[in-house]
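Colleague: The lines below spell out each chain.
There are 2 protein chains.
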Amino acid sequence: MAQGKLRILLTGATGRVGTAFFAASTERYWFRLADRRIGTLPGFIGHEAVALDVADLAACRAACEGIDVVVHLAADPSPEADFYDSLLDNNIKGTYNIFRAATDAGCRRIIFASSVHVVLGYPDQPPIRPGSPVLPMNTYGVSKCFGEAVAAQFAHAEGLSSIAIRIGAYDPPWTEEEATSRNLSVYLSSRDMNQLLTRCIETPNIQFAVVHGISNNKIKRLDLSETQALLGYQPQDDGFAVFGVDGPG
Amino acid sequence: MAQGKLRILLTGATGRVGTAFFAASTERYWFRLADRRIGTLPGFIGHEAVALDVADLAACRAACEGIDVVVHLAADPSPEADFYDSLLDNNIKGTYNIFRAATDAGCRRIIFASSVHVVLGYPDQPPIRPGSPVLPMNTYGVSKCFGEAVAAQFAHAEGLSSIAIRIGAYDPPWTEEEATSRNLSVYLSSRDMNQLLTRCIETPNIQFAVVHGISNNKIKRLDLSETQALLGYQPQDDGFAVFGVDGPG
Chain A
1 MAQGKLRILL TGATGRVGTA FFAASTERYW FRLADRRIGT LPGFIGHEAV
51 ALDVADLAAC RAACEGIDVV VHLAADPSPE ADFYDSLLDN NIKGTYNIFR
101 AATDAGCRRI IFASSVHVVL GYPDQPPIRP GSPVLPMNTY GVSKCFGEAV
151 AAQFAHAEGL SSIAIRIGAY DPPWTEEEAT SRNLSVYLSS RDMNQLLTRC
201 IETPNIQFAV VHGISNNKIK RLDLSETQAL LGYQPQDDGF AVFGVDGPG
Chain B
1 MAQGKLRILL TGATGRVGTA FFAASTERYW FRLADRRIGT LPGFIGHEAV
51 ALDVADLAAC RAACEGIDVV VHLAADPSPE ADFYDSLLDN NIKGTYNIFR
101 AATDAGCRRI IFASSVHVVL GYPDQPPIRP GSPVLPMNTY GVSKCFGEAV
151 AAQFAHAEGL SSIAIRIGAY DPPWTEEEAT SRNLSVYLSS RDMNQLLTRC
201 IETPNIQFAV VHGISNNKIK RLDLSETQAL LGYQPQDDGF AVFGVDGPG
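Protein chains in written order, with this note's numbering: chain A, 1 to 249; chain B, 1 to 249.
Just the calculated beta-carbon pair ranges, DEER-fashion:
(1) A:Ala229 / B:Glu158: 32 to 38 angstroms
(2) A:Ile38 / B:Asp89: 28 to 34 angstroms
(3) A:Asp85 / B:Glu48: 31 to 37 angstroms
(4) A:Asp89 / B:Ala51: 24 to 30 angstroms
(5) B:Arg108 / A:Arg182: 26 to 32 angstroms
(6) B:Ala229 / A:Asn205: 37 to 43 angstroms
(7) B:Glu202 / A:Ile38: 51 to 57 angstroms
(8) B:Arg129 / A:Asp124: 21 to 27 angstroms
(9) B:Glu177 / A:Ile38: 53 to 59 angstroms
Only some residues are given here: those of chain A computed to face chain B with a beta carbon under 10 angstroms:
(10) Pro130
(11) Lys144
(12) Cys145
It is worth saying that the hints were derived from the structure and are not from the lab.
Please read all numbers here as calculations on a predicted model, not as lab measurements.
Yeah, the Cβ is synthetic: ideal placement off N, Cα and C, and Gly gets one too.
All chains, please: the whole structure from these sequences, using the hints.
Modeller: Take a look at the structure:
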């Protein structure tokens, strides 16, 4: 295990967010990469990989041993996911297990991948604040509301530090038709997400926060002011520019 | 089945809240009383009783047939309840199942028994508003956050009407030592709860609401203004008077 570097457990390591974050941060942190099926990833030498089904609490406990910060990305990411077929195991039990295991193992912080889906029911404008009541429109969004509540409870009652990131549309392969104002207003580039994750891992003195994960889009459906003030997050990209869309006005 | 009367499915019918509400409303509604073990209750004649484990989706579907409004009280009410031992089945699956079943059966509205535990982490004052972010301090509270998110999602995405009541301390058997200002500030008498449930059942034109279930306590930890404005709820009791405590000031 590398000395001096923060030891990160990255669940969902082979997903799109995990792969890009690991690639960008291979030198910065020591990683335990975890996913249901895991092989070797580029830059893997010097890190660790474990097969992990987050629905298995005992396996989560083993994966959390010796870890400073957990970046918990493992989840079914589909807005159409079914409660009993998938969400109950992957998102509900999986999130509870990771928080339970990390807390008991003495980890300092968990970064929880929440989603814009927890507030999907709001109109496009005004921008949604992190303290607005949840308003999910599908069971996937409900599962992320559960995760935010777990993150709040462990932070306030069990002394863990936790940050929930409401992730917008991550590096989306949108067609011209899909690149609507509403969609672009939650665009998140991979390099902005990598920066945001680094800020979430390294910013000291946070007991609990809900932060917003979008780029510096010309129009923002999620308000970034509190996130930027808390973390010093400085997004570099604008979805409207990336997709060549002017936006209204 | 009685004609002209609203048809109510009352889950958790043999619990303290359910028993008192049924006794007070025997003539006002037609009831299908449901609980894991159910016998005959006083005033039962003319109503229906079914054994129901809310963790069983098929059983929930049968219980919801022909029902206008579901009053969903069934849950593990213990703040110390364990996730895997109890909450996952009784509160998580149970609530999802009732919302799924009631929606598919064409019920008009669900009244969901939420709890002050979803916002337990706030200081005593100022009074908590229904739109404040959740702040649970135990897994029981997390399970009720999940239920509120389910209630919001079904109301906004599936057209059901739903109202979540954050129930305070219901008719509590407190000793003198337990009757602290903080506790009394969430006191809820059974007759105030009965009135509140009736208002939740009968007030028209509500798609979704979170309301607060406490009495007219001299000091209120949960703000009642929005609840009273929405429902015309007029609580009669004051926990400080009931327990003979002056309260500060």
